[in-house]
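If you read the protein sequences in the order shown, they are chains Z and R. Residue numbers for the first sequence follow numbering that gives the first Met the number 0, so the first one is 0 and each next one is one higher. Residue numbers for the second sequence follow numbering that gives the first Met the number 0, so the first one is 0 and each next one is one higher.
These are computed hints drawn from the structure, not numbers from a lab. It cannot be assumed that every hint is accurate.
Lysine-lysine pairs mimicking PhoX-like chemistry, simulated, CA-CA at most 25 Å apart [what the hints assert, rightly or not]:
#1 Z:Lys-215 - Z:Lys-247
#2 R:Lys-277 - Z:Lys-215
#3 R:Lys-188 - Z:Lys-119
#4 Z:Lys-215 - Z:Lys-170
#5 Z:Lys-119 - R:Lys-195
#6 R:Lys-226 - R:Lys-277
#7 R:Lys-277 - Z:Lys-119
#8 R:Lys-188 - R:Lys-45
#9 Z:Lys-119 - Z:Lys-170
#10 Z:Lys-119 - Z:Lys-41
The lines below spell out each chain.
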Amino acid sequence: MSVRQSTPRWAVGVGLACAALVVAGCSSATESSGSGSDEPGKDTPAVGFITVGPKDDFGYNQAVYEGSQAVEDAFPDLEVMLAENVPEDDSAATTMQRMIDDGAKLIFATSYGHLDAALKVAEENPDVVVVQQGNTITTDIPENSGTYFGTVYEPMYLAGIAAGAATESDKLGYVYAFPIPQTIANINAFERGAQSVNPDVETITVSTSSWCDPGKQQAAAESLLAEGVDVLTQHQDCTSTVIQAAEKAGAMTVGYHADASELAPEGWLTGAVWDWGPVYTDIVQTVVDGDFVGSGYNDNFRVGYKTGTNPFVLAPYGPGVSEETIAAIEDAQAWLGTEEGSPFAGPVLDQDGEVEIEEGVIPTYAENDAMDFFVQGVVGNLAQ
Amino acid sequence: MSAEAKVADAEVRTVPVVARVVPVIARWVGALSVALVLFSVLLLLKGANPITAYTGIWETTFLRSRPLQEIFVQMTPLVLGALAVAVPARAGLTNVGGEGQIIMGGVGACGASLFLGDTASGGVILGAMIVCAMLAGALWAGLAAAMRLVAGVNEAISTLLLNFVALDLLLFLIYQPWRESPTGQPATKELVDVAKLPVISGTQVNMGLVLAIGLAVVVFVVLTRTKWGFKISVAGGNAEAARRSGLNVPVLILSALLIGGALAGLAGMIQFAGVEYKLRASFGYQLGYTSFLACWLARHQPFPILVAAFVFAALSVSSDSLQLDAGVPAASIHVLTALILIAVLGFTAQRKKATA
Numbered sequence: 000m001s002v003r004q005s006t007p008r009w010a011v012g013v014g015l016a017c018a019a020l021v022v023a024g025c026s027s028a029t030e031s032s033g034s035g036s037d038e039p040g041k042d043t044p045a046v047g048f049i050t051v052g053p054k055d056d057f058g059y060n061q062a063v064y065e066g067s068q069a070v071e072d073a074f075p076d077l078e079v080m081l082a083e084n085v086p087e088d089d090s091a092a093t094t095m096q097r098m099i100d101d102g103a104k105l106i107f108a109t110s111y112g113h114l115d116a117a118l119k120v121a122e123e124n125p126d127v128v129v130v131q132q133g134n135t136i137t138t139d140i141p142e143n144s145g146t147y148f149g150t151v152y153e154p155m156y157l158a159g160i161a162a163g164a165a166t167e168s169d170k171l172g173y174v175y176a177f178p179i180p181q182t183i184a185n186i187n188a189f190e191r192g193a194q195s196v197n198p199d200v201e202t203i204t205v206s207t208s209s210w211c212d213p214g215k216q217q218a219a220a221e222s223l224l225a226e227g228v229d230v231l232t233q234h235q236d237c238t239s240t241v242i243q244a245a246e247k248a249g250a251m252t253v254g255y256h257a258d259a260s261e262l263a264p265e266g267w268l269t270g271a272v273w274d275w276g277p278v279y280t281d282i283v284q285t286v287v288d289g290d291f292v293g294s295g296y297n298d299n300f301r302v303g304y305k306t307g308t309n310p311f312v313l314a315p316y317g318p319g320v321s322e323e324t325i326a327a328i329e330d331a332q333a334w335l336g337t338e339e340g341s342p343f344a345g346p347v348l349d350q351d352g353e354v355e356i357e358e359g360v361i362p363t364y365a366e367n368d369a370m371d372f373f374v375q376g377v378v379g380n381l382a383q
Numbered sequence: 000m001s002a003e004a005k006v007a008d009a010e011v012r013t014v015p016v017v018a019r020v021v022p023v024i025a026r027w028v029g030a031l032s033v034a035l036v037l038f039s040v041l042l043l044l045k046g047a048n049p050i051t052a053y054t055g056i057w058e059t060t061f062l063r064s065r066p067l068q069e070i071f072v073q074m075t076p077l078v079l080g081a082l083a084v085a086v087p088a089r090a091g092l093t094n095v096g097g098e099g100q101i102i103m104g105g106v107g108a109c110g111a112s113l114f115l116g117d118t119a120s121g122g123v124i125l126g127a128m129i130v131c132a133m134l135a136g137a138l139w140a141g142l143a144a145a146m147r148l149v150a151g152v153n154e155a156i157s158t159l160l161l162n163f164v165a166l167d168l169l170l171f172l173i174y175q176p177w178r179e180s181p182t183g184q185p186a187t188k189e190l191v192d193v194a195k196l197p198v199i200s201g202t203q204v205n206m207g208l209v210l211a212i213g214l215a216v217v218v219f220v221v222l223t224r225t226k227w228g229f230k231i232s233v234a235g236g237n238a239e240a241a242r243r244s245g246l247n248v249p250v251l252i253l254s255a256l257l258i259g260g261a262l263a264g265l266a267g268m269i270q271f272a273g274v275e276y277k278l279r280a281s282f283g284y285q286l287g288y289t290s291f292l293a294c295w296l297a298r299h300q301p302f303p304i305l306v307a308a309f310v311f312a313a314l315s316v317s318s319d320s321l322q323l324d325a326g327v328p329a330a331s332i333h334v335l336t337a338l339i340l341i342a343v344l345g346f347t348a349q350r351k352k353a354t355a
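All chains should be modelled from the sequences, with the hints used to inform the complete structure.
The following block contains the structure:
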């Protein structure tokens, strides 16, 4: 209360300053939206990457960072900009616009929730290519935009084989963020991979509603371990918390996004990890050449074992994986690359025992990208 | 108001505007400079050149139209969120619940827009969103006020804990009844175009800024020039003395917290209808806590709150430049924020001595 009497001093000064700034803001508000172009992004001098988390998270964002390094190595003349910790909201558009103002004509918006902002920036900058990693554009795809991703559920199926063979309690634990199709497919593939070598196995799921919240991850991991789970895996951007919790409890781990075997020397089995370099480099080359419009990347681009260029690869095996299991995984990987191979080769039953995919049906990558049910053997509520 | 204060007040009114403004600006510039010098040391340790870093921030954040406008967009909810701390603080209450009240404001606004659907006109939806958001925010703060009045629960604890309940409620709504699509990331469907907050002509800054600055003036007038403002400051200063002089302290406490909650709810509405257009799991993330800091930085005074909110918004927008121009980690902006907080609070403490 004692400073009340001095308030009016502030009042005038601050009011004036704010008024001046508002006027300044208004008067300089002429945005230059570049003229349309048939070859958006051609000969771009710079490439921008935005990530939702830090570049050293033992996970999703670290994989993006390593991919951006590969681009830097492949194109020494290109300036590579990277902004970390960019939230999945409208402020992402400001960060992307800033990179564009600095000369970037190609932007990689790398988190699932960056799509709205990416499409907004693409619309405002027709001469710039904005590609988004992992989401799917369900409306008409603009000429200067697209999404790209790998079929992560394929290596997760293989990792499920390792988990199903290693578990003694027949209970696997899965910590995930949001029930989006990509995650649902991962969980289902993991369970089905495990079932292929161990019919009694079940996968218990816990959602954290966040891509990276170590507090919630710790709580989720502990509750799963208390349920008797002895193999933990996850769909989180930052992976170290869950892996360390498993290792501390003497449980086993299947990694995700990046090779974190150094965090769990005892319990590491394997994992699905990224190798983004080749895909990023190819996208940059396509854009620099002016060939983006109408290319495979000007679409919802998906690659997998069937196309032979899956950016997801299997991490090195840990000590708990037997020779026999490795052989089974290698056979399954070869099978996934064939016409008949799929983690979701019918029949597939959902949690209630209803047939979701008929016997003999092999769903396409696009169909898997719209998955909205848990398969039999998965424990958890999809909250729909 | 004490006799001493009245004299000081009268003195202040007679001092020319320039003489009043200059020391204020000098103090802030001084404090910010100290913080920037200290931060330079960190930058040097990180192998970055402080001069390049600061010129980078200046050129790409303050001299470019879009980032500058982004600062004004981001400061708007912070102003209202900080006022939501300042009003209860006048009554001696600590409202740490801005985070939850902002979320509830977003929920109230979104609920109103979903209820009215696509048929109502933009003005009707906007009006309904404002009313519902302020009611929802007030309700959330009111729960804490009721707990204090009925069970004697400290409002600093209850408002803080209610933040987590609000977040859970938001998650429930966006996962189930309000979810846009069962296969997308949990979020509500986008607000219809007519119900989006209009922008200040020629800019990308939404009208919320005008509302926030206007309300800062209103709060200033109410706190310093009305009976109610005087009464809550008496109740806040010494509740026992207030009771003995016939003031209804419970009503004053309840009203101060309700108004605080309503202001935070409005912040949520502006964030929803002016910026995000959707409720997502990250809706309003950290806005309440940042507002709380901004309010303390401004020592609970409405006009300094405008400056403090601008500073925090500018820091947030500058983090892009720190990463891209100076090449330091994104998290280093939090270090700069802390330094500024300490430096400015240090300087305002001196000011208090000088005017006492």
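So, going through the hints one by one against the coordinates:
With a C-alpha separation of about 17 Å, the suggested pair Lys-215 of chain Z and Lys-247 of chain Z falls inside the 25 Å cut-off, and the hint holds. Annotation: proposed proximity of Lys-277 of chain R to Lys-215 of chain Z holds, straight-line Cα distance about 24 Å (limit 25 Å). Simply put, Lys-188 of chain R and Lys-119 of chain Z have alpha-carbon atoms about 16 Å apart, close enough for the 25 Å limit, and the pair holds. At roughly 21 Å between alpha-carbon atoms, Lys-215 of chain Z and Lys-170 of chain Z fall within 25 Å of each other, so this suggested pair holds.
For the suggested pair Lys-119 of chain Z and Lys-195 of chain R, the alpha carbons sit about 16 Å apart, so the restraint of at most 25 Å is met. For a cut-off of 25 Å, the pair hint linking Lys-226 of chain R to Lys-277 of chain R is broken: about 40 Å separates their Cα positions. Distance hint between Lys-277 of chain R and Lys-119 of chain Z is fulfilled; the C-alpha atoms sit about 14 Å from each other, no more than 25 Å. For the hint linking Lys-188 of chain R to Lys-45 of chain R, the alpha-carbon distance of about 43 Å lies beyond 25 Å, and the restraint is violated.
At most 25 Å may separate the alpha-carbon atoms for a hinted pair to count; Lys-119 of chain Z and Lys-170 of chain Z exceed this at roughly 44 Å. Restraint check for Lys-119 of chain Z and Lys-41 of chain Z: satisfied, since their Cα atoms lie roughly 20 Å apart, inside the 25 Å limit.
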